[in-house]
Amino acid sequence: MLKLFRRASNKVGLPPGTLIHIGEEKVERAKVTIIDYGEAQFQEKEVETVEECFPFKDKPTVTWINIDGIHEAEIMEKIGTHFGIHPLILEDIMNTGQRPKMEDFEDYLFVVVKMIYYDDKDTEIRAEQVSLILGSNFVITFQEREGDLFDPVRERIRRGKGRIRRMKADYLAYALLDTIVDHYFVILEKLGERIEDMEEELIANPTPGTLQTIHTLKRELIFLRKSIWPLREVISVLERGESSLIDESTGIYLRDVYDHTIQVIDTIETFRDMVSGMLDIYLSSISNRMNEVMKVLTIIATIFIPLTFIAGVYGMNFKYIPELEWHWGYGAALIVMGIIAFGMVLYFRRKRWL
Amino acid sequence: MLKLFRRASNKVGLPPGTLIHIGEEKVERAKVTIIDYGEAQFQEKEVETVEECFPFKDKPTVTWINIDGIHEAEIMEKIGTHFGIHPLILEDIMNTGQRPKMEDFEDYLFVVVKMIYYDDKDTEIRAEQVSLILGSNFVITFQEREGDLFDPVRERIRRGKGRIRRMKADYLAYALLDTIVDHYFVILEKLGERIEDMEEELIANPTPGTLQTIHTLKRELIFLRKSIWPLREVISVLERGESSLIDESTGIYLRDVYDHTIQVIDTIETFRDMVSGMLDIYLSSISNRMNEVMKVLTIIATIFIPLTFIAGVYGMNFKYIPELEWHWGYGAALIVMGIIAFGMVLYFRRKRWL
Amino acid sequence: MLKLFRRASNKVGLPPGTLIHIGEEKVERAKVTIIDYGEAQFQEKEVETVEECFPFKDKPTVTWINIDGIHEAEIMEKIGTHFGIHPLILEDIMNTGQRPKMEDFEDYLFVVVKMIYYDDKDTEIRAEQVSLILGSNFVITFQEREGDLFDPVRERIRRGKGRIRRMKADYLAYALLDTIVDHYFVILEKLGERIEDMEEELIANPTPGTLQTIHTLKRELIFLRKSIWPLREVISVLERGESSLIDESTGIYLRDVYDHTIQVIDTIETFRDMVSGMLDIYLSSISNRMNEVMKVLTIIATIFIPLTFIAGVYGMNFKYIPELEWHWGYGAALIVMGIIAFGMVLYFRRKRWL
Amino acid sequence: MLKLFRRASNKVGLPPGTLIHIGEEKVERAKVTIIDYGEAQFQEKEVETVEECFPFKDKPTVTWINIDGIHEAEIMEKIGTHFGIHPLILEDIMNTGQRPKMEDFEDYLFVVVKMIYYDDKDTEIRAEQVSLILGSNFVITFQEREGDLFDPVRERIRRGKGRIRRMKADYLAYALLDTIVDHYFVILEKLGERIEDMEEELIANPTPGTLQTIHTLKRELIFLRKSIWPLREVISVLERGESSLIDESTGIYLRDVYDHTIQVIDTIETFRDMVSGMLDIYLSSISNRMNEVMKVLTIIATIFIPLTFIAGVYGMNFKYIPELEWHWGYGAALIVMGIIAFGMVLYFRRKRWL
Amino acid sequence: MLKLFRRASNKVGLPPGTLIHIGEEKVERAKVTIIDYGEAQFQEKEVETVEECFPFKDKPTVTWINIDGIHEAEIMEKIGTHFGIHPLILEDIMNTGQRPKMEDFEDYLFVVVKMIYYDDKDTEIRAEQVSLILGSNFVITFQEREGDLFDPVRERIRRGKGRIRRMKADYLAYALLDTIVDHYFVILEKLGERIEDMEEELIANPTPGTLQTIHTLKRELIFLRKSIWPLREVISVLERGESSLIDESTGIYLRDVYDHTIQVIDTIETFRDMVSGMLDIYLSSISNRMNEVMKVLTIIATIFIPLTFIAGVYGMNFKYIPELEWHWGYGAALIVMGIIAFGMVLYFRRKRWL
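Chains as they are written, first to last, in my numbering: chain A, 1 to 354; chain B, 1 to 354; chain C, 1 to 354; chain D, 1 to 354; chain E, 1 to 354.
Be careful, since some hints might not be right.
Identical copies go unnamed one by one, so any copy, or any two together, can satisfy a pair.
[Claimed, not checked] Taking lysine-lysine and the BS3-like style, the derived pairs with C-alpha atoms no more than 30 Å apart in a straight line are:
1. K161 - K78
2. K190 - K101
3. K78 - K168
4. K45 - K190
5. K59 - K101
6. K31 - K101
7. K168 - K295
8. K45 - K295
9. K101 - K168
10. K57 - K121
11. K295 - K121
12. K295 - K57
13. K45 - K168
14. K295 - K101
15. K59 - K190
16. K59 - K121
17. K190 - K57
18. K101 - K78
The hints are simulated quantities; they were obtained by calculation from the structure and are not laboratory data.
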């Protein structure tokens with residue numbers, strides 16, 4: 001089940017800037033990889049110690065340092081000290097319960113977003129917090145676990161596809177945000193399919209399971225909304241281009257991401273509308289079915305109870321009719337009763353009550 | 001059923017500006033037609049190759065290039081290059097999942113709207129994305145399929161009716177937007193009729209089918225709202241006349257379109273209010289009917305169950321009354337039972353339970 | 001039933017400014033009346049041809065031209081040409097589906113409002129669109145049919161009561177708007193009475209008819225809201241006094257109208273709150289009654305069904321009790337049964353189930 | 001029952017500024033009292049004719065003229081003329097259907113608020129409109145009836161308690177407003193108690209009367225909200241100190257009143273939330289109880305109906321068991337039946353169905 | 001139960017600035033403690049008389065005066081006089097019904113917040129009002145009772161941990177606010193757990209107790225929202241740094257608290273969404289269960305009532321079958337009846353009806 005809230009109680013009372021990891025520990029050891037590129041050059045390596053990243057800070061090429069695993073306070077502190085990141089920001093990176101936000105410290109930008117994807121079996125939504133530090137010629141990304149959605153970006157850098165190798169660090173940051181936002185559409189697509197399936201089920205044959213599905217969908221939509229809604233503000237601020245770290249030429253690309261974010265939020269709202277409408281339909285169709293059940297009961301009872309009374313009063317015992325041999329009569333009665341019982345069972349089956 | 005969301009998952013990870021068509025492919029080959037006119041001249045032709053459009057770019061007359069079919073990346077690219085359209089805009093044109101929006105690139109404006117109309121049999125709402133590029137002396141429109149709502153505009157150009165031949169390209173753009181917005185009223189009119197029909201049905205004889213209709217209406221209203229709501233902003237920006245491409249004299253016409261858009265949105269909201277009120281009425285009338293069913297059951301049971309008990313205790317068998325010949329008694333009982341059963345059936349029919 | 005939407009589909013595709021009447025044709029021929037007055041003079045007449053109005057345009061006195069019937073394109077066009085009214089405004093006047101709005105063309109103001117009143121038998125709400133052109137020394141009003149709420153204003157002009165004869169055309173426009181807004185209170189008063197009546201009914205004896213009444217009230221409130229809500233903006237803009245056509249001294253009067261409009265809107269919202277609360281109460285009381293019905297059924301069934309079973313098992317036939325003569329026993333049983341049946345009928349009547 | 005709307009229909013069509021009283025006439029004759037004070041002096045008197053107030057207008061001391069009863073047009077007019085109050089304001093004072101508002105006419109301020117209190121028996125909420133004119137050295141208050149909440153203020157003036165005797169007229173106006181707002185807390189306290197009582201009742205034993213109470217509470221909250229909500233704006237404008245009539249030193253006191261108003265509005269919203277939540281709880285617990293009723297019915301019916309059938313089929317009449325004397329058998333059966341019936345009655349009583 | 005409203009009725013009519021305690025009296029005597037520190041020095045003491053605090057006002061070191069117990073007007077007045085606090089502020093401090101707010105009096109800031117925590121047994125939410133006066137080199141805190149969440153801050157000051165000893169009074173104020181806001185997460189964590197537990201219960205086995213739990217959760221969320229929502233504004237104003245009392249370097253820390261507050265509010269909204277969704281699920285599952293109950297009843301009744309009728313009409317008494325000895329027959333019947341009754345009881349148990 002999606003966690004809508006991450007524990008933070010073990011942090012209460014500590015001085016600000018204390019580096020404590022909040023969230024599940026998803027990898028054993030943090031893994032640090034570096035991609036360094038310019039229009040003509042490219043290198044990629046996985047480093048053993050975090051100190052190996054430091055020389056890249058002052059190189060004119062664009063450097064992308066990616067860190068999978070954010071629970072090791074020591075690594076965080078070293079990076080923080082070398083790249084001049086404020087302790088409160090490091091604290092934010094290690095706390096996976098952040099809502100998407102952006103902070104502008106003249107010499108670097110800090111962005112937190114939620115990367116959302118389906119697990120390998122495509123059955124469950126997973127969310128991972130991605131923090132991004134954009135400096136003048138480097139991007140540092142922090143992820144909760146290994147494996148991410150950024151392979152197409154890496155591929156474009158490696159092969160020099162598109163304009164990425166010719167652009168600066170801000171374009172890399174854009175490319176990463178764009179990939180994350182693009183992936184929201186994949187999630188929405190799956191959700192859309194499930195909503196449509198459920199709509200058909202709702203009309204054809206609502207069951208208590210339908211209710212459970214509606215509830216799950218609602219919860220997932222609440223989760224998505226919470227994770228994506230603040231992104232609108234984040235990208236809007238980036239796009240307005242008040243930071244000197246973001247080139248004017250990147251502005252139009254960020255505007256594109258902004259449009260996509262609005263589209264995603266719009267679709268989430270539409271889905272919420274639809275799902276909450278479904279609950280009403282569900283309730284109405286339960287009432288409808290109950291109505292039908294009651295009608296059958298009432299019709300049967302209303303016809304047979306008075307008849308039984310009259311039969312009782314008149315003492316209408318066919319055994320007194322001498323022309324009827326008792327055994328034939330009982331045989332016939334048993335057959336009639338069998339047919340009625342069998343017919344009723346068939347009828348209830350067709351109505352899906354049994 | 002109306003698609004509330006268009007698949008975009010096959011695009012994830014590609015560099016920005018990659019031209020990939022998202023949506024159904026509704027025509028086999030793109031069809032390009034050109035209408036070129038001035039106060040005194042007029043020509044109209046369908047071209048074979050997209051290159052035939054290029055000379056019109058620099059002619060002083062107004063040129064309207066219409067492209068039916070947006071899935072051919074090659075055509076899009078050629079037009080983009082010649083008319084100087086940004087690749088991200090071309091990407092937006094080919095992605096039919098856009099929400100209405102407007103972008104201002106000093107030398108051209110880009111507008112996306114949804115053209116909504118009933119299919120030929122008037123049973124289903126269809127939506128098509130129309131993208132519009134407004135240059136200083138040309139308008140390029142991109143549509144998903146052949147056939148559109150613009151024939152009256154074409155006719156007005158051909159015959160020189162109204163002021164269209166005397167005006168510039170911005171007026172043509174206005175005329176096209178106006179036609180699309182005007183058509184929303186046709187949709188609303190049909191919806192209004194259906195809502196009124198349903199209201200009468202709701203009062204006269206609510207059935208489970210009513211519920212289905214309410215659900216369909218709700219969905220259509222969600223769809224319309226999603227398609228039209230952002231248009232308000234789009235036209236408001238156009239009308240404020242910040243772009244040099246839009247003449248002050250066209251402003252008052254755009255204001256008219258703006259008023260219409262507000263009216264459409266207003267009516268959609270009113271319809272939503274009414275439809276959601278109907279669901280409440282529906283639920284209440286189901287409860288009312290159930291109440292009635294239960295009353296009948298309770299009255300019958302409450303009267304006859306104690307009577308049966310008393311009859312049982314007293315053993316009130318009329319066969320012991322010697323004055324009654326058994327055959328007359330049974331005959332009378334059978335007739336009474338028949339009349340009761342028949343009366344019940346009639347009663348339930350009148351109540352519409354059977 | 002109140003129309004919440006006016007057909008406009010026959011207008012689609014026509015050039016802007018085409019004068020086509022949208023709405024019911026409520027009078028056969030348009031009727032034009034003129035009231036012309038100054039502090040010392042006064043004349044009133046009904047004219048045969050619209051051209052008779054033209055001389056009044058340049059007279060220094062205040063002229064009020066009232067036109068009942070807006071479906072004659074020819075008359076509209078003549079007035080439009082002579083008084084310099086934009087064709088799009090004429091189009092708006094003839095389309096009775098407008099929402100209240102105000103447009104400022106330096107040399108005249110255009111205002112559309114909804115005049116709402118009960119019909120002669122006080123049973124149905126009627127709405128009429130009133131368009132008002134305010135020039136420097138004239139006011140032109142367009143109404144859908146003869147008969148309006150303006151007679152008190154006419155009377156005040158005729159008799160020189162109040163300050164109206166001493167003021168300019170803007171005060172006349174204010175007086176007309178004020179009359180329309182004042183009349184909304186009459187509508188609200190009637191609605192308030194109906195809501196209070198219904199509340200009492202809801203508590204004393206809810207019936208399916210109550211549901212119908214709630215629905216009707218809801219619809220009327222939706223209609224009123226739609227018709228009046230935008231007026232707030234209209235009068236607020238007028239009152240802010242940005243137009244040179246409106247004297248500063250009229251400002252305080254318009255502010256008064258503004259306050260009234262807010263009060264009307266406020267009351268509509270309160271009524272909506274109350275009516276939607278009533279639906280909940282209604283649903284709850286249906287459930288309550290059903291509960292009661294079910295209790296009676298359950299109590300009766302729970303007591304008598306086991307008793308019947310036991311009686312059946314014991315074969316408790318009083319006929320075996322030799323001391324009882326059969327005829328006395330049966331007589332007593334019949335009387336007991338009759339009393340029970342009669343009592344039940346009385347009980348159900350008191351509960352209003354029968 | 002609280003009137004949510006005051007009749008105003010008899011005023012339609014009259015010229016603006018016509019002084020007509022709208023509302024109930026709550027006193028026979030208007031009563032005018034004057035309190036005049038400075039740091040050193042104090043006088044208090046009830047005057048016979050309104051003209052006696054006039055000399056106080058130009059005295060340097062602070063004068064508080066209080067008028068109980070607003071239906072006498074003549075008195076209103078005299079005061080209006082002497083103190084220079086605009087006729088539209090006089091009209092507003094006499095119309096008790098105002099919403100709280102503030103108007104600033106450079107040389108005086110006009111404030112309307114609702115004074116709300118419980119009647120003597122503490123069972124019903126009463127609302128009275130209080131209009132307040134603040135001039136440079138006088139305050140005029142208009143009330144609907146005799147008796148108000150201002151006695152503590154009068155006492156403070158008489159005894160020179162607090163700083164009131166040292167301050168100007170604006171402080172007096174503040175003190176009056178403060179008293180009215182403070183009294184809202186008394187109303188909220190009572191409402192809070194009733195809500196808490198009802199919550200307990202809802203859980204312990206919901207009855208149809210609970211529904212009625214919820215409805216009444218809802219209505220009172222709608223009424224309070226309508227009466228108090230606009231006050232926020234009123235006091236906020238006063239406090240911002242744009243009027244020269246309000247001393248800067250009074251600002252902090254008005255800010256205090258503003259905070260209280262926000263607190264009152266906040267609490268009303270919280271109460272609304274709670275009351276509307278209660279309706280849901282109520283509906284759910286009705287459903288719960290119905291569920292229970294149905295279970296009892298179903299269990300009894302499901303066990304005994306088949307048994308009765310089997311008993312009937314087997315003809316299980318114990319009378320055929322020769323060892324049982326009939327009279328013992330019947331005696332035992334009668335006792336068993338009596339015990340069952342008695343037990344059922346007890347059970348239903350405990351469930352509160354009887 | 002959480003009080004959503006504090007009595008204030010005994011205060012009505014008193015002059016502003018009258019010091020009256022509103023709320024429960026939670027300690028017998030107010031307790032005053034002082035912590036005074038600089039980078040190099042530190043002292044901590046509990047004082048007997050409030051006058052002992054006065055010398056600290058002008059010492060250059062940072063002084064934190066903490067007062068537990070706010071009902072003693074005398075102490076409040078002495079502090080107010082010495083530290084120059086406005087009487088209205090003292091009144092606010094003593095009234096525990098405040099909503100969070102901030103007021104800026106050039107030489108000191110006044111902040112009210114709600115400290116929320118679980119009681120020792122972790123079963124009930126408790127709220128305490130904390131008022132904070134920030135001067136240039138002192139912080140005065142007022143609490144309702146002894147015992148608070150500030151021990152970690154005290155510890156950090158004592159041990160010189162973190163930067164607190166090097167910073168000024170504004171940082172101390174920040175540290176206290178931060179501690180309070182951090183503790184909201186602990187409350188949310190507990191609430192989150194309860195919501196998740198309830199969700200599982202809702203699906204597995206909804207009972208009337210579930211309804212009670214939903215109601216309690218709803219109430220707690222309303223309470224939290226009311227207590228925390230205004231804090232957003234408070235901290236936002238502090239953070240914008242318009243007061244000279246707040247150092248620019250403290251700004252970034254306050255921004256961090258602001259982010260946390262937003263996160264808390266966000267989570268409360270999410271929880272509200274979830275809890276209100278649960279009520280719908282609950283209602284639906286009650287309806288579902290009722291449906292099931294009715295189906296069982298209907299199936300049983302529909303099969304056996306006609307059979308009983310037929311058996312009655314045919315007089316199908318097996319005693320007439322001579323081959324069956326009566327005692328075997330009755331024995332078999334009794335066994336069959338016992339098995340049916342036993343089976344039914346088991347079935348109802350499994351369905352959790354018994």
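For each hint, the structure was consulted:
1. K161 - K78: between (34 Å within a copy, 21 Å between copies)
2. K190 - K101: both (26 Å within a copy, 25 Å between copies)
3. K78 - K168: Answer is both: 25 Å inside a copy and 28 Å across each meet the 30 Å cutoff.
4. K45 - K190: This pair counts as neither: shortest intra-copy Cα distance 35 Å, inter-copy 44 Å.
5. K59 - K101: Within. Shortest intra-copy distance 28 Å satisfies the 30 Å Cα cut-off; inter-copy 41 Å does not.
6. K31 - K101: Classified as within: same-chain Cα gap 25 Å, cross-chain 42 Å, threshold 30 Å.
7. K168 - K295: So K168 and K295 fail the 30 Å test inside a copy (73 Å) and across (69 Å) alike.
8. K45 - K295: Result: close neither inside a copy nor across copies, 74 Å intra and 67 Å inter.
9. K101 - K168: Classified as both; 22 Å inside a copy, 29 Å across copies.
10. K57 - K121: neither (39 Å within a copy, 52 Å between copies)
11. K295 - K121: neither (46 Å within a copy, 39 Å between copies)
12. K295 - K57: neither (78 Å within a copy, 73 Å between copies)
13. K45 - K168: within (20 Å within a copy, 46 Å between copies)
14. K295 - K101: For K295 and K101, neither the intra-copy (58 Å) nor the inter-copy (53 Å) Cα distance is at most 30 Å.
15. K59 - K190: neither (43 Å within a copy, 49 Å between copies)
16. K59 - K121: The answer is neither: 42 Å in one copy and 58 Å across copies each exceed 30 Å.
17. K190 - K57: Answer is neither; intra-copy 41 Å and inter-copy 43 Å both fail.
18. K101 - K78: within (23 Å within a copy, 40 Å between copies)
The structure fails hints 4, 7, 8, 10, 11, 12, 14, 15, 16, 17 (numbered hints given earlier, in ascending order).
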